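2 protein chains.
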Amino acid sequence: MRQPVVLISLESPHSFWRLSSEHERALSAAFPGLKFRRATEEAVPHQLADAHVYFGWRFAPSWLFAAPHLKWIASPSAGTDHLPVAEAHSVGVALTRSYGFHGRPMAEHAMGLVLGFSRGLFTSQRVQRNRAWWKDDLAEEFFDLAGATMTIVGCGSVGRHLTQAARAFGMNVIGVRRTPPAASEGGITWVHTTAVHQAVSIADVVVNLLPATPATDRYFDHNLFSACKPRSLFLNLGRSATVDHSALLASLDTGHLRGAALDVFDPKPLPARHPLRLHPRVVLTPKSSVFCRAYMNEAVAFFADNLHRYLSGQPLNGLAEAPATRSPLVGG
Amino acid sequence: MRQPVVLISLESPHSFWRLSSEHERALSAAFPGLKFRRATEEAVPHQLADAHVYFGWRFAPSWLFAAPHLKWIASPSAGTDHLPVAEAHSVGVALTRSYGFHGRPMAEHAMGLVLGFSRGLFTSQRVQRNRAWWKDDLAEEFFDLAGATMTIVGCGSVGRHLTQAARAFGMNVIGVRRTPPAASEGGITWVHTTAVHQAVSIADVVVNLLPATPATDRYFDHNLFSACKPRSLFLNLGRSATVDHSALLASLDTGHLRGAALDVFDPKPLPARHPLRLHPRVVLTPKSSVFCRAYMNEAVAFFADNLHRYLSGQPLNGLAEAPATRSPLVGG
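As they're listed, the protein sequences go chains C and U. So for the first sequence, this note's numbering puts the first residue at 229; every next one is plus one. So for the second sequence, this note's numbering puts the first residue at 229; every next one is plus one.
To be clear, the hints were calculated from the coordinates, so they are not data collected in a lab. Computed from a predicted model, the values in this text were never measured in an experiment. Worth double-checking, as some hints may not be accurate.
If several chains are the same, the list does not tell them apart, and a pair holds so long as it fits within one copy or across any two.
Said to hold, decoys possible - In silico BS3-like links for lysine-lysine, alpha-carbon gap of 30 Å or less:
1. Lys-496 with Lys-363
2. Lys-515 with Lys-496
3. Lys-363 with Lys-457
4. Lys-263 with Lys-299
5. Lys-515 with Lys-457
When you get a sec, could you build the whole thing from the sequences and use the hints?
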């Protein structure tokens with residue numbers, strides 16, 4: 229019998245998102261019964277004919293037609309909205325996302341953005357060249373994290389990491405989720421989606437970690453921004469489609485929101501003179517919240533664990549649900 | 229016998245640095261045997277004649293001549309370099325600083341500055357208006373806090389707070405101090421001042437919390453900056469006089485240092501076209517690292533505790549040492 233083939237396509241301009249030869253050697257050593265083969269993204273459709281497992285960043289829906297033996301598409305990403313979840317499901321191919329290791333860098337990123345606003349650091353950087361002195365402005369503007377409240381909408385694995393960081397600064401954390409745990413587990417006060425308006429109304433910082441699904445499309449709309457506590461801060465480290473950006477800009481312009489930081493937006497990049505680029509109280513980062521030098525080490529470890537499960541017939545971790553049944557409030 | 233008089237002068241443009249009527253009422257209620265009197269800064273020299281205790285932001289050396297009964301000058305500040313320590317000492321007046329509550333806001337401030345650099349947030353804010361896309365730049369530039377090393381020079385009460393925050397992000401912390409504790413107490417690897425060059429050579433982030441004393445004047449000089457790890461980050465939240473700013477700028481310009489954030493500088497404000505204002509990898513904050521809405525609550529609580537000690541003849545906390553014997557490496 230021929231060895232089952234695992235096709236890998238993990239290219240990136242950034243080394244931390246690229247499979248190294250060491251990773252490949254480690255996988256081969258750990259799974260001597262499998263044949264690992266690498267392909268550039270262009271070559272993937274031509275290499276899928278005998279592949280049983282695919283591990284890669286992208287998978288075009290049409291590639292399924294070229295993959296008669298494929299049983300499983302494994303992604304190193306946290307989200308699956310760029311992957312053919314419905315199509316794979318309809319032809320009986322499993323599709324998994326990865327989780328557990330995006331939380332650490334995203335918690336660093338989110339806390340940096342929160343502190344950049346709360347301590348007036350972004351204001352300072354903006355005015356240090358042309359204002360004589362701005363101490364009085366910051367004395368008005370700053371807020372203490374100790375005792376402040378952060379509400380995390382779509383509070384899953386990433387939200388739990390973020391909670392640990394926020395609590396280290398003495399913040400109270402409210403986690404909004406469609407399926408909240410019963411107790412205040414993990415130092416989080418859990419509330420159900422139905423109470424999201426109340427949860428944002430008492431938050432100094434709202435962090436959006438919602439995945440993009442039909443149910444979360446423009447979830448943060450005029451109504452939800454209006455429910456936010458006056459002078460609160462809004463962060464989006466989830467998906468751009470979950471936010472109505474006109475409503476966000478309106479809430480910033482009236483002063484209802486103190487500021488906003490967005491790691492995701494659409495189109496990417498934004499047009500040159502887009503108001504989100506120019507707004508003095510908006511900070512944009514280029515989907516860099518998941519940057520982590522150890523990313524591929526972690527992604528390969530997650531994949532290897534799942535590969536053991538696959539080979540021994542256990543259920544895979546991170547299975548993407550078919551769109552119709554997908555939970556909208558489990559953050560990346 | 230007349231009631232001993234406590235003269236208070238705690239004015240500020242900022243409410244969190246001002247004594248409120250509630251604070252005054254609470255002190256009067258807690259110490260019914262004392263007479264509390266408030267004075268504007270201008271009025272202090274005319275009100276000192278019968279004062280036993282002074283609690284205030286400033287104290288001019290000449291005021292000592294107008295205060296024949298004065299026994300104790302209490303400051304709500306962490307530092308004493310703006311106060312007449314030597315003069316008070318020479319006439320037998322105790323002078324105390326405050327501690328234990330500056331660490332929390334300063335830890336928030338320092339971690340915000342570190343994350344602003346490590347996650348590329350300051351770069352993002354600077355270029356988001358005029359660069360199409362800067363993801364590749366950030367992919368080069370960012371670093372993970374998890375596993376990185378922070379060296380705190382002048383690691384006292386503030387340094388211990390900062391350590392807790394840094395360790396919540398998985399950082400290793402080295403504390404440099406003239407009198408280091410024996411073991412790795414408080415999650416800190418303690419080293420003696422004599423090993424400061426080695427301590428900064430392995431640090432991704434160096435935080436300067438040194439007080440200003442004759443022994444710390446330009447402590448961070450060309451030699452010490454050269455000893456820093458290439459591409460490391462330098463923060464000064466201590467005192468301006470402890471840094472040779474020409475040496476700092478040189479280390480930034482060669483690229484040896486990744487960046488610098490300064491909460492203190494001299495003169496304050498800096499001249500309009502000072503190179504520290506204009507440097508793209510320098511972030512300046514206007515001595516705002518100690519901003520804290522609860523500041524005066526904490527300062528009054530510290531003072532009240534010390535006042536109990538004073539009245540019962542116990543040693544005061546935060547006594548400023550006479551300049552000649554002052555420890556140079558205990559951070560504010």
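We went through each hint and held it up to the structure:
no., hint, verdict
1, Lys-496 with Lys-363, "between (36 Å within a copy, 11 Å between copies)"
2, Lys-515 with Lys-496, "within (9 Å within a copy, 37 Å between copies)"
3, Lys-363 with Lys-457, "within (25 Å within a copy, 32 Å between copies)"
4, Lys-263 with Lys-299, "within (15 Å within a copy, 83 Å between copies)"
5, Lys-515 with Lys-457, "both (26 Å within a copy, 29 Å between copies)"
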